[in-house]
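Could you slot chain A onto chain S? The hints should help.
Top line first, the protein sequences correspond to chains S and A. When the count follows the UniProt record's numbering, it moves up by one through the first sequence with no breaks and lands on 366 for the last residue. When the count follows the UniProt record's numbering, it moves up by one through the second sequence with no breaks and lands on 370 for the last residue.
Calculated from the structure, these hints are not laboratory results. Hints are supplied without guarantee of correctness; some may be wrong.
Subject to a maximum C-alpha distance of 25 Å in a straight line, what follows is the list of computed SDA-like cross-link-like pairs (lysine to any residue) [as the list claims (entries may be wrong)]: (1) A/K195 x S/K296; (2) S/K58 x S/R280; (3) S/K340 x A/E199; (4) S/K340 x A/Y191; (5) S/K255 x A/P46; (6) A/K195 x S/G341; (7) A/K195 x S/P28; (8) S/K255 x A/F135; (9) A/K195 x S/P100; (10) A/K195 x S/P256; (11) A/K195 x S/R122; (12) A/K195 x S/R263; (13) A/K195 x S/A88; (14) S/K296 x A/P46; (15) S/K255 x A/A323; (16) A/K195 x S/A269.
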Amino acid sequence: MRRLALAAVLVLAALPARAQEGGPPPPPPDAAALRAVAARAVDGYILPGYAALDAAAKEAARTIGAECTAPSADQPAVFAATFRDLLAAWAAVDFLRFGPMAENGRLERFAFWPDPHGTGTRQLRRMLADPDPALLAPGALARQSAAVQGLPALEGLLFAGDGPIGGTEPKARFRCDLAVAVAGNLETIAAEAVAGWQGPDGFAAVMTAPGPDNRVYRDPLEPVTEILKAVLLGLEQVRDQRLTPALGADAASAKPSRAPYGRSGATLAYLAASTAAIDRLAQQSGLLGLAPPAWKTLPNAAHFETGNVVEVFETAPALDTALTEPKARGKLEYARVVLKGLEELYQVQFAGAAGLSPGFNALDGD
Amino acid sequence: MAIDRRRLLGLGAGALAGLVAPARFAQAAVKAEGGAVFVTAAAVGPDAYAALLVSEDGTILATIPLEARAHDVAIDPERRRVVVFARRPGRFAVVIDLAAHAPVSVIVPPAERHFFGHGVFSPDGRLLYATENDFSGGGARGVVAVYDASGGFARLGEFATHGVDAHEVILAPDGRTLVVANGGIVTHPDYGREKIDLEAMNSSLVRIDRETGDLVHQTRLDRSLQRLSIRHAVHDAEGALWFGCQWEGDPYEPPLLVGRLDPSGAATLLPMADEDLVGARNYIGGLAASRDGRLIAASAPRGGAILLFDAATGTYLRAAPLADGCGVAGATASAFLASSGGGALLRIDAAEDVDAGRAPVKFDNHMQRV
Chain S
1 MRRLALAAVL VLAALPARAQ EGGPPPPPPD AAALRAVAAR AVDGYILPGY AALDAAAKEA
61 ARTIGAECTA PSADQPAVFA ATFRDLLAAW AAVDFLRFGP MAENGRLERF AFWPDPHGTG
121 TRQLRRMLAD PDPALLAPGA LARQSAAVQG LPALEGLLFA GDGPIGGTEP KARFRCDLAV
181 AVAGNLETIA AEAVAGWQGP DGFAAVMTAP GPDNRVYRDP LEPVTEILKA VLLGLEQVRD
241 QRLTPALGAD AASAKPSRAP YGRSGATLAY LAASTAAIDR LAQQSGLLGL APPAWKTLPN
301 AAHFETGNVV EVFETAPALD TALTEPKARG KLEYARVVLK GLEELYQVQF AGAAGLSPGF
361 NALDGD
Chain A
1 MAIDRRRLLG LGAGALAGLV APARFAQAAV KAEGGAVFVT AAAVGPDAYA ALLVSEDGTI
61 LATIPLEARA HDVAIDPERR RVVVFARRPG RFAVVIDLAA HAPVSVIVPP AERHFFGHGV
121 FSPDGRLLYA TENDFSGGGA RGVVAVYDAS GGFARLGEFA THGVDAHEVI LAPDGRTLVV
181 ANGGIVTHPD YGREKIDLEA MNSSLVRIDR ETGDLVHQTR LDRSLQRLSI RHAVHDAEGA
241 LWFGCQWEGD PYEPPLLVGR LDPSGAATLL PMADEDLVGA RNYIGGLAAS RDGRLIAASA
301 PRGGAILLFD AATGTYLRAA PLADGCGVAG ATASAFLASS GGGALLRIDA AEDVDAGRAP
361 VKFDNHMQRV
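Chain S extracted, bound-state conformation (with noise of 0.2 Å):
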């Protein structure tokens, strides 16, 4: 464990030396290359991101109608299936705070986590113990608390675990009725996610023609800094936000039941998918490219790096084996190791020697 933890360390400290603290901070890379990343970021990454939200989204609507119609034989695999796709294309953009989706409270409610009290859970027992078919109609949850509208709602109608839901049973019936209602508010939420990114006034233009006269980015370094901020946060979110507190201190104190849709299964393809598309983005868009020539080896550090982490989520055992299991369990610290180096590439030797600052103040305000 600490040899993996060691090596983790050593790769990060192949790369140069960081300049001189202190010194005055190596001018901003210039205006073109800084275009060219944000350019990369929103054809590359940003909008095929959506776009497949949308796709995943109106394929689980369809995906669950047809289920609540016609329940089939496999209907826990269909649903395991269909959600994990679903949350694998939020998990891309998830960790993007900007845009439309920071508008009309669309990110809380995509996804209302976390929920430690159970909000979401005692709005859906209300409206499945006194069904109002009102809440069917379309747009209708969408004036509903975040709690019962995204992907956690979701995932409790379609995994309850007390039998096939849909068919001719009223309340099996409306508990399907409701997740395709569900699925359908989310298929809304993309689609404006991915209206608002278009066309001359949308999102892209706003984020890839920075100016004086541009509300949201005055300059060309305020683009990518969103984006490298973005990956800070995504970093974080991750190790911070959704690993550690399932974590705890220990395998006595670890909680399951803290990690993010932990009732599907999908807790650890969540955190592989996050982790994989926050190294994605860096790629997609050679934001790392911006640092000097001297600092080549930094996309390839942080790929390595990311990918070390992908794979403990992916090759862990079922999540309450991989927090209790000494072996597993220190795997999963491993990669928490790793996610905060991550952290700290970006963050300290990448910024500095690109001549980036997300800010110390700026970034996670108090």
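Quick look at chain A alone, frame taken from chain S:
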């Protein structure tokens, strides 16, 4: 003041405890003579945090290592001790003897409480008040904890702030009333710094009688501003209360971020230049008053500016650019010293900004003048 400063700096030279190189310190002490001394939390290296005493030209007079990132600082009325609070959801507050430049105690809150990063001494210096999160039973109740600053900083009790996310606590000019900004955003240490359920946000500015713990008054903003979190506060020369906010609503529809209470306790958000408001990026990191209380500074680290207001009229004056600038303290009657995450210090008054030096550290959110 002069005597205090001599005592602070003179005694300090003999009791360095290896924290600062003596030669460098002696030189710094000479430089600082006649100048103000500031205290702030900072990052001093990758994953290395400290409380710093800094002269107004950026010379680091003392470095007191801390186990993790800290936030604001409370200064006792005699200026002999300061208390540096952990950043939320941290669970330490370090009491530092200014003369010795050394930590003398560490305050740890009870189980199921963590600090929110802010605190203030009573006028006689015998009590220390700190905002804390009571997360017992999975909840998130704001409390002001009362610690015995006359002895070993035993926890004497706590009172409710009638809100959640109790952030900055300051003392009103009457010496008896505490003002607490309840940020209104539920967080729980199990989920790090993640914000839980913004739909349920409920921010308020409360006045609490520190002798009885009674709620004297509370101010809420208009319902349309439900996503506006009031987090920082300061009084001006007339005793009017100013507050600074962060916006958790639609990022591209920014509301006003700095406000003032009228004598009845009603809040008015103050207009400012649209370009500077948009530039502030929905986020005020801290507030300060000039020593004469006639100027108010609000830091906007995300926007990279310090915003200045005229206290008497509430008029917005101008923005002083400072990338990642967040710490701001009244330095003289009419000027501020501001600090940044890049280690820069900037001296700001109503008319101009002057580069005030740079230190090889990342200055954290808040800075106070000793």
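Results for each hint:
no., hint, result
1, A/K195 x S/K296, "violated, 37 Å"
2, S/K58 x S/R280, "holds, 24 Å"
3, S/K340 x A/E199, "violated, 30 Å"
4, S/K340 x A/Y191, "holds, 16 Å"
5, S/K255 x A/P46, "violated, 30 Å"
6, A/K195 x S/G341, "holds, 24 Å"
7, A/K195 x S/P28, "violated, 32 Å"
8, S/K255 x A/F135, "holds, 17 Å"
9, A/K195 x S/P100, "holds, 20 Å"
10, A/K195 x S/P256, "holds, 20 Å"
11, A/K195 x S/R122, "holds, 20 Å"
12, A/K195 x S/R263, "holds, 22 Å"
13, A/K195 x S/A88, "holds, 23 Å"
14, S/K296 x A/P46, "holds, 22 Å"
15, S/K255 x A/A323, "violated, 40 Å"
16, A/K195 x S/A269, "holds, 24 Å"
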